[in-house]
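Student: Taken in sequence, the protein lines are chains A and B. Here the numbering used here is used: the first sequence runs in plain steps of one and ends on residue 740. Here the numbering used here is used: the second sequence runs in plain steps of one and ends on residue 263.
Source of the hints: derived by calculation from the structure; they are not laboratory data. Positions of the beta carbon are idealized from the N, C-alpha and C atoms, including for glycine. Please note that a few of the clues may not be correct.
Which residues of chain A face chain B? A few of them, derived with a C-beta cut under 8 Å, are [unchecked claim]:
hint	residue
1	V612
2	M628
3	D629
4	S632
5	K635
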Amino acid sequence: MSARKKDKSPAETMVKKEREVSKAKLIPVHIMGKRYDVPEGLTLMKAMEYAGYKFIRGCGCRGGTCGACGTVYRKPGDYRLQVALACQKTIEPDMHIAQIPFFPANRAHYEFADLTSAPEEVFRLYPELFRCVACNACTKACPQGIEVMDAVSALKQGNIAVAAQIGFECIQCGLCTSRCFGELVQYHMFQLARRIYGARITPRAEHLIEMTKAIDEGRFDNTLEKLRHMSEEELKKLYQKREEEPVTAGEDWRPKDKTYL
Amino acid sequence: MEEIPRWNCCGAVHSLADDDLIHQVAPVRNLIRVKEQGKDVVVTLCSFCFNTLKRANLLMKDDAEKRNTLNSFMDEEIDYSGDVRVLHLLEVLRDEIGWEALAQEVKLPLRNLKLAPYYGCTLLRPREVAIDSVENPTILREFLKALGATPVEFPESTRCCGSYQIVSSPDSISGYAWDILSSALSHGAEALVLTCPLCDYDLGQGQKELVKRHNGFKGMPLFYFTQLLALALGLDPRVCHFELNHGSPESLLRENNLLP
Chain A
480 MSARKKDKSP
490 AETMVKKERE
500 VSKAKLIPVH
510 IMGKRYDVPE
520 GLTLMKAMEY
530 AGYKFIRGCG
540 CRGGTCGACG
550 TVYRKPGDYR
560 LQVALACQKT
570 IEPDMHIAQI
580 PFFPANRAHY
590 EFADLTSAPE
600 EVFRLYPELF
610 RCVACNACTK
620 ACPQGIEVMD
630 AVSALKQGNI
640 AVAAQIGFEC
650 IQCGLCTSRC
660 FGELVQYHMF
670 QLARRIYGAR
680 ITPRAEHLIE
690 MTKAIDEGRF
700 DNTLEKLRHM
710 SEEELKKLYQ
720 KREEEPVTAG
730 EDWRPKDKTY
740 L
Chain B
4 MEEIPRWNCC
14 GAVHSLADDD
24 LIHQVAPVRN
34 LIRVKEQGKD
44 VVVTLCSFCF
54 NTLKRANLLM
64 KDDAEKRNTL
74 NSFMDEEIDY
84 SGDVRVLHLL
94 EVLRDEIGWE
104 ALAQEVKLPL
114 RNLKLAPYYG
124 CTLLRPREVA
134 IDSVENPTIL
144 REFLKALGAT
154 PVEFPESTRC
164 CGSYQIVSSP
174 DSISGYAWDI
184 LSSALSHGAE
194 ALVLTCPLCD
204 YDLGQGQKEL
214 VKRHNGFKGM
224 PLFYFTQLLA
234 LALGLDPRVC
244 HFELNHGSPE
254 SLLRENNLLP
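For reference, chain B alone in the conformation it holds in the complex (with noise of 0.2 Å):
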């Protein structure tokens, strides 16, 4: 696995609008890159650039019409047809590594955490991009049972965050946080785990105002999955920064014996 040397921004949401072609030159432009780079496969991080990224693929591969458009406005790049193929990292860890493997590779498990996996939108929705079932997706269960940590399954872990809807009304959002983290708190859940930048920033926001508003609710500690897969993987815990993570995961993985 390589980083791509050259990137642009992804422009982080799909257009919807059907005749909206502006808004694909740049996620196309980064499969462009990586044709560039002789690869055919990109790997993402990040939920909103694997949904932007794969959906702009599957406009350059199935409408020819477009295609055209887009490959002569980029008259200086190299014609695209949507062949590369784009994953997620979890999609990489179930696929290509395998659970069963990852979890011969963990050093320190996870043990005793108990964490709720949450998806969002972005890695299931629409059903044309999901990297697992869309009703009832297992993915990122498998991963925590993997690095030895306790899942904890709830009902709101496909509901959406609220996303950008916290720009313009940032009262809405709390609602959202607060049925997705009570829920999760309410299953027995200590920590919520999540793949998405968007849904951190919404849920660990939102958590600010909540702590205030409900009696009783201390705040959920949030994490990246990439942070504990480098955790349980052995790597120096200072490359996670949890101190910049929402509602403060510290203290929780020192009473496990996961922080020093």
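So that you can see chain A by itself, here it is in the shape it has in the complex (with noise of 0.2 Å):
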């Protein structure tokens, strides 16, 4: 409680918020092509929100994971579109900006329980997969740096396990698949292929089934009933006297103490 007494209040905070602001150095961007001064050092949401945006769609996790914030900007003198999720990209002088928050793009229906590993089945619900002539703009719209044309260029190829390789961190925002002129949906297909990669083509952990049987069979309820009847003070001791594995530690590891292995 201390420590709390000690904190601004949250008004307090937004005063000094906005006075360090207002010594920021505007600069100009034009955001959905009209133009705006706004305090240098912001990510491209917070210009937008700065501007007077408020964001319904198109804003997520603010963390740069989601993907729901694709936007697409261009600086002055280069005629390069380029990408970036605008809670991640600092504005820069005279950047023209816009959000592109969904596509829509054909999303295929199917029925994963009845779907096979065969390459086939992506062929089938994606038909114009095949309609790509390696043009690479995909690849270039990419705001996670995914070679997304090797990843069709492995689908075309049959190869579903390097395509959800490739495309594993895909975060679905949509940027390849708007700039992509033969129509082709590159983020649902990779996830159809991470889906199939990993319910039917990565090996099953055999240990893991093992080790979850043998916990529906208790052999941990002794260990767990024990912890639960510990007072706090226990727990706690319990906790701070664990044996902990080095960041080091390599593949081989083993804990001295060899009872819950």
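Mind docking these for me? Both chains are given alone in their own frames, and the hints should help you get the complex.
Tutor: Structure follows, in structure tokens:
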């Protein structure tokens, strides 16, 4: 409680932040074609909010993970369109910004339980795959830096595993699809590839199956029961003197106490 | 020889429209991948890939205006000017290894097999990309001789199989297929040897229909040339997957003691 008293009230904090903002240099940016002067150092998303935009869609985690805030921008003197997640990219003077929070892409409907690991499943659900002419616009549009066209090639080659691996860091923002003149839906195809890869191609983790079976059969019931009856003090002590796995430990690391292995 | 780790489909057909540059992007990108590996020669097993890559390469070499357009379109790649050599595996066997050296490596000579060499179009046409004489090619004949087989020449060996026409007019294909297969048969061949997956498909699918239509025609085994190379060099025949071939070639191979 004492620590909290030292904090400023929310109102005080806001005033302080506004003062900091007002001290910052203002730079011009063009949002949806209109010029605004916004404090430098803001992200594209914060700059849009500063200019008065309120996000109902096109904003999610604000941490570069969810893919909701795919945004297209162009810098002065450069013909190339560039892309970023609005929550991650910092504004630059005279940038033109337009957000593409959603793209009306085709998404195939399927009953996953009925799908096999055959590449023909992807061909059947997304026949537009074969409209790719290797122009590479998708790769240029990926804010995650994924070699999107290579994953498309892998699918055409019938290699679901490679497509799933290349497309592993896809956040489904859809910018690839927005730029594709073959009208492929790369991000939905990669999601299908990852699902098939995870469920049908990667080997089953036998040791995990064994362990969950052992847990179901009550292997750790006594241990848990003991913990449940410990006092808070006892639990803390136990936690503090636990043996930690060193960060640098290799695969063959084993704890000294092997009771629970 | 190393496999290219990154590649995309070449597009399979060379675009004949003079200003249709977008369909040159795919093959040219593959040639750039070759350069990225620090290599200046690319070898293909497929005669369609060969034809598409080699013609795109010629375009990049000879047409400065189109070269500039394509290079500036692919602004994320290194500039390319047609300096990769595009070879078909048959050329490598003939020019780099030589028929005599190949014959010396043969562990299981394909003795007594009477095989008709079938070229189709894409290894020989147009003239600028041909790997051999356009009118009178011998490269497949020499290849088969090196493996110990008996080549059977026939007049339809460079005739078109019908190519992608099978999609729009399947009937015309069985016409082409009949001319080619019946000619090879009447010249004494027991099987046909080819270098192109599309020829294989057309002549393979076509002959299913021909067996029904032509009394006495029992079909004809088709071999991809690399299958025979593997067999003759003594590789485990299981790698050849003869069970997937059109015209069931396995009994022919067994009769000649080439399969266990």
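Student: Decide, hint by hint, whether the structure agrees.
Tutor: Consistency of the hints with the structure:
Taking 8 Å as the C-beta contact cut-off toward chain B, the hint placing V612 (chain A) at the interface holds, the least distance being around 6 Å. The closest approach between the C-beta of M628 (chain A) and any C-beta of chain B is roughly 7 Å, which is under the 8 Å cut-off, so the hint is satisfied. The criterion of a C-beta within 8 Å of any C-beta in chain B is met by D629 (chain A), whose closest approach is roughly 6 Å, and the hint holds. Because the closest C-beta pair between S632 (chain A) and chain B is about 4 Å apart, less than 8 Å, the hint holds.
Evaluation of the K635 (chain A) hint against chain B yields a held restraint, the C-beta minimum of about 5 Å falling below 8 Å.
Going down the numbered hints, you'll see the structure goes against none, and every one checks out.
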